[in-house]
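Novice: Chains as they are written, first to last, in the working numbering: chain A, 1 to 130; chain B, 1 to 96; chain C, 1 to 127.
A few of these clues could be false.
[What the hints assert, rightly or not] Straight-line C-alpha distance at most 25 Å; calculated SDA-like pairs for lysine to any residue:
#, chain 1, residue 1, chain 2, residue 2
1, B, LYS91, A, HIS59
2, B, LYS41, B, LYS91
3, B, LYS91, A, ARG25
4, B, LYS91, A, MET1
5, C, LYS68, A, PRO74
6, C, LYS68, A, GLY113
7, B, LYS91, A, PRO130
8, C, LYS68, A, GLY111
9, C, LYS68, A, ARG85
10, B, LYS91, C, ARG42
11, B, LYS91, C, PRO58
12, C, LYS68, A, ARG22
13, B, LYS91, A, PRO74
14, B, LYS91, A, HIS18
15, B, LYS91, C, GLN67
16, C, LYS68, C, PRO58
17, B, LYS91, C, LEU86
18, B, LYS91, C, THR73
19, B, LYS91, C, LEU95
20, B, LYS91, C, ARG43
21, A, LYS98, C, GLN67
22, B, LYS91, A, ARG85
23, B, LYS91, B, ASP49
24, B, LYS91, A, GLU92
25, C, LYS68, A, ILE79
26, C, LYS68, C, SER105
27, B, LYS91, A, ARG22
28, C, LYS68, A, GLU92
For the record, the hints were derived by calculation from the structure and aren't laboratory data.
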Amino acid sequence: MRYGILLMGAPYSSQAAHSALRFARAVAGRGHRLEAVFFYHEGVHNAARLAAPPQDEPHLVDGWAALSADHGVPLQVCIAAALRRGLLDEREAARHGKQGHSVEPPFELTGLGQLVDLGLRCDRLVTFGP
Amino acid sequence: MLLHILNRSPATSEVYRQALAAMGPDDRLLLIEDGVQGALKGLVGRFGDVRGRLLALEEDLAARGLEPLCDDSVVRVDVEGFVTLTEEARKTVSWF
Amino acid sequence: MENDEEQDVAGDLLVILRHGPHGSSWLREGLDAALVAAAFGRRVTLLFMGEGVTALVPGQQRGPLGQKGTAPTLEMLEMYDIDSLLVEAEALSRLGLDGDELMLSPRRVEAAALPGLTACHSLVLTF
Numbered sequence: 001m002r003y004g005i006l007l008m009g010a011p012y013s014s015q016a017a018h019s020a021l022r023f024a025r026a027v028a029g030r031g032h033r034l035e036a037v038f039f040y041h042e043g044v045h046n047a048a049r050l051a052a053p054p055q056d057e058p059h060l061v062d063g064w065a066a067l068s069a070d071h072g073v074p075l076q077v078c079i080a081a082a083l084r085r086g087l088l089d090e091r092e093a094a095r096h097g098k099q100g101h102s103v104e105p106p107f108e109l110t111g112l113g114q115l116v117d118l119g120l121r122c123d124r125l126v127t128f129g130p
Numbered sequence: 001m002l003l004h005i006l007n008r009s010p011a012t013s014e015v016y017r018q019a020l021a022a023m024g025p026d027d028r029l030l031l032i033e034d035g036v037q038g039a040l041k042g043l044v045g046r047f048g049d050v051r052g053r054l055l056a057l058e059e060d061l062a063a064r065g066l067e068p069l070c071d072d073s074v075v076r077v078d079v080e081g082f083v084t085l086t087e088e089a090r091k092t093v094s095w096f
Numbered sequence: 001m002e003n004d005e006e007q008d009v010a011g012d013l014l015v016i017l018r019h020g021p022h023g024s025s026w027l028r029e030g031l032d033a034a035l036v037a038a039a040f041g042r043r044v045t046l047l048f049m050g051e052g053v054t055a056l057v058p059g060q061q062r063g064p065l066g067q068k069g070t071a072p073t074l075e076m077l078e079m080y081d082i083d084s085l086l087v088e089a090e091a092l093s094r095l096g097l098d099g100d101e102l103m104l105s106p107r108r109v110e111a112a113a114l115p116g117l118t119a120c121h122s123l124v125l126t127f
């Protein structure tokens with residue numbers, strides 16, 4: 001089956017991101033195709049390039065990147081929700097005259113249309129909220 | 001059959017009422033995260049008619065030390081079981 | 001919910017809005033998802049549930065720092081052809097609101113009809 005995941009919880013603030021990552025791996029492990037993970041609301045913070053959790057805690061940002069690398073899963077971040085919260089990739093940082101950037105591949109800033117498309121294209125969309 | 005997913009404890013949040021209100025007679029309710037507190041003997045009564053269609057994520061119970069306190073009427077599933085539930089349901093609705 | 005009524009509201013996307021304006025971004029971000037879906041030609045139903053019914057109270061204003069709130073966005077729904085607007089009847093009575101005085105004249109949905117609503121849309125998003 002084709003799955004999509006919508007994550008709306010910030011990392012380390014609620015369990016939502018842990019649950020979503022755990023579920024994502026289980027979906028892939030059962031041989032399903034995970035079409036994308038879409039990050040919306042406070043979930044956009046999962047794309048924070050500079051996240052530096054203590055070494056004895058799961059590194060969620062790296063965890064998403066590993067999921068993407070292992071299973072070819074696009075990591076789509078709502079651009080409107082991200083820009084408001086200071087999450088900018090190189091292109092957006094340049095466009096807004098900011099030094100440095102806070103989002104890098106495999107996370108990609110994209111429009112909300114991608115969420116609608118994901119939800120209606122997949123057999124299942126599972127939401128994880130805070 | 002739809003799978004509803006609840007991550008809030010009925011002890012502190014009214015969100016479980018919204019989940020119950022939206023559930024059809026064949027729908028299932030999976031408790032995850034703080035929602036697993038709803039599986040405790042003292043709280044499971046809040047889910048009324050759903051008993052038998054009420055499930056809880058085992059690893060979230062275990063992490064909280066709640067496994068021994070889980071009511072017998074609640075079906076425990078591991079994370080693969082969670083995925084299976086989503087396969088069997090036509091769609092999922094999350095309540096948080 | 002009767003079958004013909006179910007047909008009437010069936011659509012691609014049901015967006016359930018459960019938060020009032022100003023206190024969080026849930027309402028705004030939920031409405032944004034609905035507007036984008038409608039702009040892509042999808043049939044969208046909005047259900048104002050629980051505290052979300054306060055989104056429709058008339059007379060809303062900007063916040064003290066100039067926060068826009070969501071009332072201006074609600075005014076745009078018609079332009080996007082989102083005309084399936086539902087409000088949870090039980091929430092209205094719990095909050096003591098008069099359904100007839102709400103913005104946009106939403107249709108009241110009794111508790112018994114809620115399961116039919118979640119069942120008859122391809123995708124349900126809760127905010």
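Novice: Next, verify each hint and record whether it holds.
Specialist: Evaluated hints:
1. Proximity of B:LYS91 to A:HIS59 is assessed by CA-CA distance (about 30 Å); at most 25 Å being required, the pair is judged violated.
2. For the proposed pair B:LYS41 and B:LYS91, the alpha carbon gap of about 29 Å is over 25 Å, so the pair is violated.
3. Between B:LYS91 and A:ARG25 the alpha-carbon distance is near 19 Å, which keeps this suggested pair within the 25 Å criterion.
4. Using a Cα cut-off of 25 Å, the hinted pair B:LYS91 and A:MET1 holds, with the two alpha carbons roughly 12 Å apart.
5. With a C-alpha separation of about 33 Å, the suggested pairing of C:LYS68 with A:PRO74 is violated against the 25 Å cut-off.
6. Under the criterion of a C-alpha separation no larger than 25 Å, the hint pairing C:LYS68 with A:GLY113 is consistent with the structure, at around 23 Å.
7. For the suggested pair B:LYS91 and A:PRO130, the alpha carbons sit about 20 Å apart, so the restraint of at most 25 Å is met.
8. As the CA atoms of C:LYS68 and A:GLY111 are separated by approximately 21 Å, the hinted pair is consistent with the 25 Å bound.
9. The straight-line distance between the Cα atoms of C:LYS68 and A:ARG85 is roughly 17 Å, inside the 25 Å bound, and the hint therefore holds.
10. Distance restraint check for B:LYS91 and C:ARG42: the Cα-Cα separation of roughly 18 Å lies within the 25 Å cut-off, and the hinted pair is therefore satisfied.
11. With a C-alpha separation of about 35 Å, the suggested pair B:LYS91 and C:PRO58 falls outside the 25 Å cut-off, and the hint is violated.
12. With a C-alpha separation of about 37 Å, the suggested pair C:LYS68 and A:ARG22 falls outside the 25 Å cut-off, and the hint is violated.
13. A threshold of 25 Å between alpha carbons decides the hint, and for B:LYS91 with A:PRO74 the separation of about 22 Å falls inside it, so the pair holds.
14. For the hint pairing B:LYS91 with A:HIS18, the CA-to-CA distance comes to about 22 Å; that is within 25 Å, so the pair holds.
15. With a C-alpha separation of about 36 Å, the suggested pair B:LYS91 and C:GLN67 falls outside the 25 Å cut-off, and the hint is violated.
16. Between the alpha carbons of C:LYS68 and C:PRO58 the distance comes to roughly 15 Å, so the proposed pair stays at or under 25 Å and holds.
17. Between B:LYS91 and C:LEU86, the direct Cα distance comes to roughly 21 Å. Compliance with the 25 Å bound is thereby established for this hinted pair.
18. Our distance criterion of 25 Å between C-alpha atoms is broken by B:LYS91 and C:THR73, whose separation comes to about 29 Å.
19. Taken as a hint, the B:LYS91 and C:LEU95 pair is broken in the structure, with Cα atoms around 31 Å apart against an allowance of 25 Å.
20. Under the criterion of a C-alpha separation no larger than 25 Å, the hint pairing B:LYS91 with C:ARG43 is consistent with the structure, at around 18 Å.
21. Restraint check for A:LYS98 and C:GLN67: satisfied, since their Cα atoms lie roughly 24 Å apart, inside the 25 Å limit.
22. Only pairs whose Cα atoms come within 25 Å are accepted, and B:LYS91 paired with A:ARG85 is rejected, the gap being roughly 31 Å.
23. Simply put, B:LYS91 and B:ASP49 have alpha-carbon atoms about 21 Å apart, close enough for the 25 Å limit, and the pair holds.
24. With a CA separation close to 35 Å, the supplied pair B:LYS91 and A:GLU92 exceeds the 25 Å bound.
25. Pair hint C:LYS68 plus A:ILE79 holds up; C-alpha atoms about 19 Å apart against a cutoff of 25 Å.
26. This hinted pair checks out: C:LYS68 and C:SER105 have alpha carbons roughly 22 Å apart, not beyond 25 Å.
27. Restraint check for B:LYS91 and A:ARG22: the C-alpha separation of about 19 Å stays at or below 25 Å, so the hint holds.
28. Of the supplied pair hints, the one linking C:LYS68 and A:GLU92 holds, its CA atoms being roughly 24 Å apart against a limit of 25 Å.
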